[in-house]
Amino acid sequence: MRWTRRRLGITLLGVMGIAIAAVPFLTDDRYLLKVLTFVGVNAIVVAGLALLFGYAGQISLGHAAFFGLGAYMSAYLTTTHQTPWLLAVLAGTGIAAAGGLLLALPSLRLKGHYLAMATLGFNEIMSVLFVELRGITGGNNGLSGIPFPSIGSFVIDTPAGIYLLVWGVAALAFLGAANLVRTRPGRAMRALHGSELGAVASGVDTTRLKVQVFALSAALAGLAGALYAHAVGFISPTQFSLEFSILLVAMVVVGGTGSLVGPFFAAVVLTLLQYVHALIPGLGNDVASVIQDWEVDISGMVMILTVIFLPGGFAALVRRKRIGVAVDGETV
Amino acid sequence: MDSAALLQFAIAGLKNGAIYALVALGFTLVFGSTGIINFAQGEFFMLGGMLAVFFVRLGLPLPIAVIAGVLATAGIGLAFERLALRPRRDSGPLVLIIITIGGSMVMKSLSRHVFGGSELSLPAFSEGPSIVVAGAAIERQAFWVWGLTIIAVVGLTWLYSKTKFGRSMRACSLSHEASRLMGIDTARIVMVSFGLAAVLGGIAGVVVAPLTQTSFDVGARIGVKGFAAAILGGLGNPIAAVVGGLTLGLVESMSIAFISSTYKDVIALVLLLLVLFVRPEGILGRATREKV
Amino acid sequence: MRLLAVCDLSKRFGGLAAVDGVSFDVHEGTIKAVIGPNGAGKSTLFNLITGFDRPDVGSVDLLGCNIVGMNPHKVVRAGISRTFQNTQLFEELTALDNVLVGMHTQLRTGFLGGALRLPWTLTEERRARERASYLLRLVGVEQYVMTPAADIPHGMRRLLEIARALAAAPRLLLLDEPAAGLNNRETQSLARTLYRIRDEGVTIVVVEHDMGLVMEVSEEIVVLDRGRKIAEGPPLLIQKDAAVIEAYLGEEGEYV
Ligand SMILES: Nc1ncnc2c1ncn2[C@@H]1O[C@H](COP(=O)(O)OP(=O)(O)OP(=O)(O)O)[C@@H](O)[C@H]1O
Ligand SMILES: [Mg+2]
Numbered sequence: 033m034r035w036t037r038r039r040l041g042i043t044l045l046g047v048m049g050i051a052i053a054a055v056p057f058l059t060d061d062r063y064l065l066k067v068l069t070f071v072g073v074n075a076i077v078v079a080g081l082a083l084l085f086g087y088a089g090q091i092s093l094g095h096a097a098f099f100g101l102g103a104y105m106s107a108y109l110t111t112t113h114q115t116p117w118l119l120a121v122l123a124g125t126g127i128a129a130a131g132g133l134l135l136a137l138p139s140l141r142l143k144g145h146y147l148a149m150a151t152l153g154f155n156e157i158m159s160v161l162f163v164e165l166r167g168i169t170g171g172n173n174g175l176s177g178i179p180f181p182s183i184g185s186f187v188i189d190t191p192a193g194i195y196l197l198v199w200g201v202a203a204l205a206f207l208g209a210a211n212l213v214r215t216r217p218g219r220a221m222r223a224l225h226g227s228e229l230g231a232v233a234s235g236v237d238t239t240r241l242k243v244q245v246f247a248l249s250a251a252l253a254g255l256a257g258a259l260y261a262h263a264v265g266f267i268s269p270t271q272f273s274l275e276f277s278i279l280l281v282a283m284v285v286v287g288g289t290g291s292l293v294g295p296f297f298a299a300v301v302l303t304l305l306q307y308v309h310a311l312i313p314g315l316g317n318d319v320a321s322v323i324q325d326w327e328v329d330i331s332g333m334v335m336i337l338t339v340i341f342l343p344g345g346f347a348a349l350v351r352r353k354r355i356g357v358a359v360d361g362e363t364v
Numbered sequence: 503m504d505s506a507a508l509l510q511f512a513i514a515g516l517k518n519g520a521i522y523a524l525v526a527l528g529f530t531l532v533f534g535s536t537g538i539i540n541f542a543q544g545e546f547f548m549l550g551g552m553l554a555v556f557f558v559r560l561g562l563p564l565p566i567a568v569i570a571g572v573l574a575t576a577g578i579g580l581a582f583e584r585l586a587l588r589p590r591r592d593s594g595p596l597v598l599i600i601i602t603i604g605g606s607m608v609m610k611s612l613s614r615h616v617f618g619g620s621e622l623s624l625p626a627f628s629e630g631p632s633i634v635v636a637g638a639a640i641e642r643q644a645f646w647v648w649g650l651t652i653i654a655v656v657g658l659t660w661l662y663s664k665t666k667f668g669r670s671m672r673a674c675s676l677s678h679e680a681s682r683l684m685g686i687d688t689a690r691i692v693m694v695s696f697g698l699a700a701v702l703g704g705i706a707g708v709v710v711a712p713l714t715q716t717s718f719d720v721g722a723r724i725g726v727k728g729f730a731a732a733i734l735g736g737l738g739n740p741i742a743a744v745v746g747g748l749t750l751g752l753v754e755s756m757s758i759a760f761i762s763s764t765y766k767d768v769i770a771l772v773l774l775l776l777v778l779f780v781r782p783e784g785i786l787g788r789a790t791r792e793k794v
Numbered sequence: 154m155r156l157l158a159v160c161d162l163s164k165r166f167g168g169l170a171a172v173d174g175v176s177f178d179v180h181e182g183t184i185k186a187v188i189g190p191n192g193a194g195k196s197t198l199f200n201l202i203t204g205f206d207r208p209d210v211g212s213v214d215l216l217g218c219n220i221v222g223m224n225p226h227k228v229v230r231a232g233i234s235r236t237f238q239n240t241q242l243f244e245e246l247t248a249l250d251n252v253l254v255g256m257h258t259q260l261r262t263g264f265l266g267g268a269l270r271l272p273w274t275l276t277e278e279r280r281a282r283e284r285a286s287y288l289l290r291l292v293g294v295e296q297y298v299m300t301p302a303a304d305i306p307h308g309m310r311r312l313l314e315i316a317r318a319l320a321a322a323p324r325l326l327l328l329d330e331p332a333a334g335l336n337n338r339e340t341q342s343l344a345r346t347l348y349r350i351r352d353e354g355v356t357i358v359v360v361e362h363d364m365g366l367v368m369e370v371s372e373e374i375v376v377l378d379r380g381r382k383i384a385e386g387p388p389l390l391i392q393k394d395a396a397v398i399e400a401y402l403g404e405e406g407e408y409v
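Chains as they are written, first to last, in the working numbering: chain A, 33 to 364; chain B, 503 to 794; chain C, 154 to 409.
Everything labelled a hint here was simulated from the structure, so no lab data went into it. Possibly wrong hints are sitting among the right ones.
With the Cβ distance kept under 10 Å, some of the chain A side facing chain B (calculated, not the full set) [stated by the list, open to error]:
id, residue
1, 137
2, 279
3, 327
Calculated Cβ distances over 12 Å to all of chain A for the following chain B residues [said to hold, decoys possible]:
id, residue
4, 507
5, 569
6, 587
7, 639
8, 643
9, 649
10, 652
11, 752
12, 764
Remember, it's a predicted structure, so these values are computed and weren't measured experimentally. No residue lacks a Cβ here, since even glycine has one placed at the ideal position from N, Cα and C.
Could you put together the complete structure from these sequences and hints?
So, in structure tokens, the structure goes:
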């Protein structure tokens, strides 16, 4: 019985994977592919944030900054130092991880709202630095002419190629995260969320674990940022603002804590909200622009309403329906 | 740097510091009665300024517009508490944080729709040239800033220490459970503290609007700084909030004087992180421990 | 053999001496009880031994090594596991997962191994699950393997927490009021479980108010009152000890 349900889940995921992979072969709408590439990029960040927030119960309002760190690092290295793409992306991931480590080390002593404020402060500091460190970041103008992804002489310069690259990485990120939560480190994360005392009494070094998860999720954000930079070819400071951090948190909250599939779908939906016109061809321009204009309000309202009426997010709703188990209210 | 210039920087610091103090007081109030950080506190600041400008544009005389702005902000604060926070008030802090974050997102974004995306300004409360003291010029509006801050602090201290309401509030900060058993209407206390926090934020917002322009997106930055001030002094008591605010203002303006203005925001934030990491209970606060 | 030596342990909270110069030994393979009126300092004593709190003075030796000042998670590695007076289960995790978290120190899979599902990770997982199922059977909660802790009945939750503590393969198990809230039948079965655990080679120290259980299972009893040790000895002697009777009569006579 359980086994068949699991097989059903795996089948559904397989179908979804095939559908995602098939998109570039079904359409050659460059803009649509680009939009869907952004969805993949956000999904990568959300995979990490779901681990940090949804599983380990540690909030971060600084993930846009890690995303930006990855993007700027990789863009800077490839544009001014002609660093090979792969190396630059690794460096972007690395610097975000290092930033995460540096921020996490002192922050872990902080709980709930203090951690939220510390990460928020970090995001604001980075926002200023992205503008002011002109020599590296290009100031308000940002960096442009960021080269396409390439390995040796093999260049990925089509929208379809970049789409597949990003979604390939996203798939790996979710697969890895899904594996992780079902083994020792992932269980320890969920334990930490459930009862920190209980986790400590079980021999979990909670401090170390928090740093590790924080660094891992910062690294994923950095990786996504680096991929993003090469996908669009242009980055500027406004893209890495606090709003983006909050939107990312909203995706995890709405999708559901203690779930990966939920936040994934939330990432898809909330990202696409900004690009409805690309998605629904028949949609009138005025309707599309209204939705785009109200996108932040919609995301914010959905987040509040979810927390109030649907603790545990949409994933909990599905879970509850399926097993008929009342999920405890205190899940966020 | 000559002494007049230094004095000028000090005055600017004290002026900004008083604003930070007002915002910090809002954090302290809500933290005191609920134990949570209200991430929408900065938006109350934004709303105060924007609403006052809005009322001036409707044709109301300035004093009325200012008061209406503050009151409307208070109304929004009360409504926010009642509609969004109360349904989940018995949940863990993370839930409430998320709600206030969502709230700030919506308040900010709605303001853009209602008031537009451009920078707006409010006329000064009293007309006339700056007053010159020992070679340093002080805008008249600065006296409004200081005056209102002093009134707010004195009022709050009185409220906390002398009134029944204040005592109930302090009881709430220790334990909601116990307060409820003692017959205190905790729900009302929480709602009123949100209302008061909104008033403080609103006052800060209107009083600063004539000095710097205001726009729909000023909330987050001032929110973090107000929080930094609150943390710097030590969350929980009004005097600490003011000490924290003034300290932060002075440090900021001295860093402009001696280092550069580019990184003034960064300095406040780095200070916040340092205090959080090194002494989260603040300069004046006492360390607390959790019982296992 | 002497497994644990507590020596002159003291802890003050403000003006209150919660634990005051307490010394005793625990011998390997025995069940020892710590009793005392409410607020006597029993839970604080456990916190001091397991590193959740730091004593002002005194030492705790486990097999000759001083463990005072060690982080609580290191104390678990050193061989002492505990349960809490207020159960600290992971409510959303199944009983099985709760016990698997308890095995944290016994497993080695890290982030990389977990994310990549390396072959030896899978082997380790399989073994861990077998061991966890065994522990659930040992304490008698096997019917709840796949139930989230939040949905498990109260008495069973206490047993589950014991299973989780056992999962760390401790040499010494500290139980803080395991019978609190259990009915008679459950308490009886708890006693049998404690024997089974001891027979597996785990030494037990139990804080308990249920005197029936204490008298039945323990070989030695330490009595605390207002932070001080007022008596120590086998159950029969403790029952007759004048100071103990005095301490309990002063509070609630019903205990003895
Ligand atoms: N963290 C703390 N801060 C202040 N006082 C504390 C703390 N922990 C315990 N105490 C006090 O120390 C004393 C001993 O408490 P403890 O919990 O150890 O008692 P106990 O013997 O376990 O009681 P019970 O049988 O009720 O569980 C009590 O007076 C308690 O109020
Ligand atoms: Mg106790």
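Okay, the hints, checked on the actual structure:
{"no.": "1", "hint": "137", "verdict": "holds, 9 Å"}
{"no.": "2", "hint": "279", "verdict": "holds, 8 Å"}
{"no.": "3", "hint": "327", "verdict": "holds, 9 Å"}
{"no.": "4", "hint": "507", "verdict": "holds, 24 Å"}
{"no.": "5", "hint": "569", "verdict": "holds, 28 Å"}
{"no.": "6", "hint": "587", "verdict": "violated, 9 Å"}
{"no.": "7", "hint": "639", "verdict": "holds, 28 Å"}
{"no.": "8", "hint": "643", "verdict": "holds, 26 Å"}
{"no.": "9", "hint": "649", "verdict": "holds, 30 Å"}
{"no.": "10", "hint": "652", "verdict": "holds, 27 Å"}
{"no.": "11", "hint": "752", "verdict": "holds, 19 Å"}
{"no.": "12", "hint": "764", "verdict": "violated, 5 Å"}
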